[in-house]
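Q: Below are the chains, spelled out letter by letter.
Number of protein chains: 2
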Amino acid sequence: MRIVVLAGGIGGARFLRGLKRAVPDAEVTVIGNTGDDIHLFGLKVCPDLDTVMYTLGGGINEEQGWGRTDETFHLKEELAAYGVGPEWFGLGDRDFATHIVRTQMLGAGYPLSAVTEALCDRWKPGVRLIPMTDDRVETHVAVTLPDAAGEGERKAIHFQEYWVRLRASVPAEAVVPVGAEHAKPAPGVLEAIGEADVILFPPSNPVVSVGTILAVPGIREAIADAGVPVVGLSPIVGDAPVRGMADKVLAAVGVESSAAAVAEHYGSGLLDGWLVDTVDAGCVERVEAAGIRCRAVPLMMTDVDAVARMAGEALTLAEEVRAV
Amino acid sequence: MRIVVLAGGIGGARFLRGLKRAVPDAEVTVIGNTGDDIHLFGLKVCPDLDTVMYTLGGGINEEQGWGRTDETFHLKEELAAYGVGPEWFGLGDRDFATHIVRTQMLGAGYPLSAVTEALCDRWKPGVRLIPMTDDRVETHVAVTLPDAAGEGERKAIHFQEYWVRLRASVPAEAVVPVGAEHAKPAPGVLEAIGEADVILFPPSNPVVSVGTILAVPGIREAIADAGVPVVGLSPIVGDAPVRGMADKVLAAVGVESSAAAVAEHYGSGLLDGWLVDTVDAGCVERVEAAGIRCRAVPLMMTDVDAVARMAGEALTLAEEVRAV
Numbered sequence: 101m102r103i104v105v106l107a108g109g110i111g112g113a114r115f116l117r118g119l120k121r122a123v124p125d126a127e128v129t130v131i132g133n134t135g136d137d138i139h140l141f142g143l144k145v146c147p148d149l150d151t152v153m154y155t156l157g158g159g160i161n162e163e164q165g166w167g168r169t170d171e172t173f174h175l176k177e178e179l180a181a182y183g184v185g186p187e188w189f190g191l192g193d194r195d196f197a198t199h200i201v202r203t204q205m206l207g208a209g210y211p212l213s214a215v216t217e218a219l220c221d222r223w224k225p226g227v228r229l230i231p232m233t234d235d236r237v238e239t240h241v242a243v244t245l246p247d248a249a250g251e252g253e254r255k256a257i258h259f260q261e262y263w264v265r266l267r268a269s270v271p272a273e274a275v276v277p278v279g280a281e282h283a284k285p286a287p288g289v290l291e292a293i294g295e296a297d298v299i300l301f302p303p304s305n306p307v308v309s310v311g312t313i314l315a316v317p318g319i320r321e322a323i324a325d326a327g328v329p330v331v332g333l334s335p336i337v338g339d340a341p342v343r344g345m346a347d348k349v350l351a352a353v354g355v356e357s358s359a360a361a362v363a364e365h366y367g368s369g370l371l372d373g374w375l376v377d378t379v380d381a382g383c384v385e386r387v388e389a390a391g392i393r394c395r396a397v398p399l400m401m402t403d404v405d406a407v408a409r410m411a412g413e414a415l416t417l418a419e420e421v422r423a424v
Numbered sequence: 101m102r103i104v105v106l107a108g109g110i111g112g113a114r115f116l117r118g119l120k121r122a123v124p125d126a127e128v129t130v131i132g133n134t135g136d137d138i139h140l141f142g143l144k145v146c147p148d149l150d151t152v153m154y155t156l157g158g159g160i161n162e163e164q165g166w167g168r169t170d171e172t173f174h175l176k177e178e179l180a181a182y183g184v185g186p187e188w189f190g191l192g193d194r195d196f197a198t199h200i201v202r203t204q205m206l207g208a209g210y211p212l213s214a215v216t217e218a219l220c221d222r223w224k225p226g227v228r229l230i231p232m233t234d235d236r237v238e239t240h241v242a243v244t245l246p247d248a249a250g251e252g253e254r255k256a257i258h259f260q261e262y263w264v265r266l267r268a269s270v271p272a273e274a275v276v277p278v279g280a281e282h283a284k285p286a287p288g289v290l291e292a293i294g295e296a297d298v299i300l301f302p303p304s305n306p307v308v309s310v311g312t313i314l315a316v317p318g319i320r321e322a323i324a325d326a327g328v329p330v331v332g333l334s335p336i337v338g339d340a341p342v343r344g345m346a347d348k349v350l351a352a353v354g355v356e357s358s359a360a361a362v363a364e365h366y367g368s369g370l371l372d373g374w375l376v377d378t379v380d381a382g383c384v385e386r387v388e389a390a391g392i393r394c395r396a397v398p399l400m401m402t403d404v405d406a407v408a409r410m411a412g413e414a415l416t417l418a419e420e421v422r423a424v
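Residue numbers (this note's numbering), protein chains in the order written: chain A, 101 to 424; chain B, 101 to 424.
If you are wondering where the hints come from, they were derived from the structure by calculation, not from laboratory data.
As the structure is a computational prediction, the values presented were derived from the model and not from experiment.
Check each hint, because a few of them may be wrong.
Copies of the same chain look alike in the list, so a pair counts if it works inside one copy or between any two.
Claimed, not checked - Here are the simulated lysine to aspartate or glutamate pairs, DMTMM-like style, with alpha carbons at most 25 Å apart:
#1 Lys-224 <-> Glu-162
#2 Lys-224 <-> Glu-187
#3 Lys-224 <-> Glu-177
#4 Lys-120 <-> Glu-273
#5 Lys-120 <-> Asp-403
#6 Lys-120 <-> Glu-419
#7 Lys-284 <-> Glu-238
#8 Lys-284 <-> Glu-295
From just these sequences and the hints, can you work out the full model?
A: Printed below as a string of structure tokens:
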């Protein structure tokens, strides 16, 4: 079975680990979000790609869900001592090596997709990990922040600044994947979608993770035209995000924070099946009314076995869709 | 009193620490060797400048004489796990920060001299540290190494590869500061020499440290024409280097490994005074016959006080020269 998964960071990575346990022999291609990539200290940092790679490769810090295990932060301390920031982005000493190798390879002329493949040679994540694009896409968030005079000033900031530095503490007025409209899917992305038996949207952020991937021209169309079941898992449980702050950016695109609203946001043109948590069983009818087959199953990612059961439910729903 | 010192790495840095103790109020300008600079992992590494900066700024690893105190090597371990080398060059996690800041500033268009000044803003070494040049100079060493067939193959390797990886275990057939002939002294270098009251050559390597600095067109001439005492301290004590492997590269330039021979190598056109160790008192006459005033004093850099006494002797000899 060939499965394509559109993945963001922590949620996507944990879902993939469960999927691998549920169907160890499946051939999984992950299309990774690069909209939250950022240049820091002259280095190219790809937080979502790395979270997938470290999580599946056994190098992740399990408690925080991102960064490396057994990590130290001496380099970052020294940068701060030089007065060089930002200080709000947590890069550890071990993690830095990934960014140094990546930056060096990009500087030598390799596209990000080739660099990602080379990094995965070490981590052996058990999936094929492809960035959504080799082109530069950077998610910006429009916010209103107080200026020096205490007046509100509207400005666009990098997604990481919104998410990590501000911790989504102010409303996101707009979310724009800058550069997406001119980006091309990375080599292998459209081919993987075209050859897939099933396409899954993990409980990743529908705006800044899955939404950014879908914003690369050609990817949404290829998924809609693939002619295979497309099944998603709700990142919202009981009107709140399973993890993260998805509700903050949903508001920016005019979508209420509910399992049904996210399904409607993707729409029946894209999505064939949708899993909601058992606490949201009441919305199954609404989702199905939108033309999307829906099931209520436990969606809390408490441990790898629980996630494997979720992944199994998603594949079961895909087969139901296929049988129709 | 304005003192100019031509410095390499460990020997130069330790001498400078003693000099600062001997004459705390002197205005010291250090012209640092950049011939052993190397690009590693896409970063610009300046071992000699950093050793001076860390030693005088209180951040040096005292035992090894280079690198940072309280250092860890996690980043380097990870680079090795990615199969990215070289592994023979010891860059620690804290040390990496210096190279990242430097590389970022160079990439932004600042010359190395401005970058060095910015780095020193943090370390406050108590001297003005200027690289000999902002241009690229790279010391290469010609060696004969066995090729795949076991035949000797003559090749030029980077000085660091000769010094650190091979530990000078094969003869240096030639030492070439590649690029030096087209390099210009960095801003401030010739001015500092022109305004100096005394110019000192610490017991640094006469070929790959002081010699490289003198190879930048204009520096040797400015020192010879400065009209102030130029005094050096022998890096050779009892026919062996005080530290390091200076004898290995002296052979490449046809100079015997003795305190007198190094003085003659610099020559009376450049050098006015020369300190040799008491064990080499027998060569004082030979050095003076070469037109260089010479004294035998203890030259072992056992602790900062001993080095301060050495520096004091150098300044005393400078006053003797001036009085003539």
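Q: Hint by hint, note whether the structure agrees.
A: Now the hints, each set against the structure:
1. In this homomeric assembly, Lys-224 and Glu-162 come within 25 Å of each other (Cα to Cα) only inside a single copy, at 18 Å, whereas the closest approach across copies is 41 Å.
2. Proximity of Lys-224 and Glu-187 under a CA criterion of 25 Å is satisfied inter-copy only: 23 Å between copies versus 31 Å inside one chain copy.
3. Taking the shortest Cα distances, Lys-224 and Glu-177 sit within 25 Å of each other only across copies (18 Å), while inside one copy they are farther apart (31 Å).
4. In this homomeric assembly, Lys-120 and Glu-273 never come within 25 Å of each other (Cα to Cα): the closest approach is 37 Å inside a single copy and 58 Å across copies.
5. In the homo-oligomer, the alpha carbons of Lys-120 and Asp-403 lie at most 25 Å apart inside one protomer (13 Å), although the nearest pairing across protomers, at 61 Å, exceeds that limit.
6. Within a single copy, Lys-120 and Glu-419 get their C-alpha atoms as close as 18 Å, which meets the 25 Å cut-off; across copies the closest is 79 Å, which misses it.
7. Taking identical chains as interchangeable, the C-alpha atoms of Lys-284 and Glu-238 lie at most 25 Å apart only when both belong to the same chain, with a minimum of 14 Å there against 41 Å between chains.
8. Only within a single protomer do Lys-284 and Glu-295 lie at most 25 Å apart by alpha-carbon distance; the minimum there is 19 Å, versus 60 Å between protomers.
Hint check: a violation occurs at hint 4 only; the rest are consistent with the structure.
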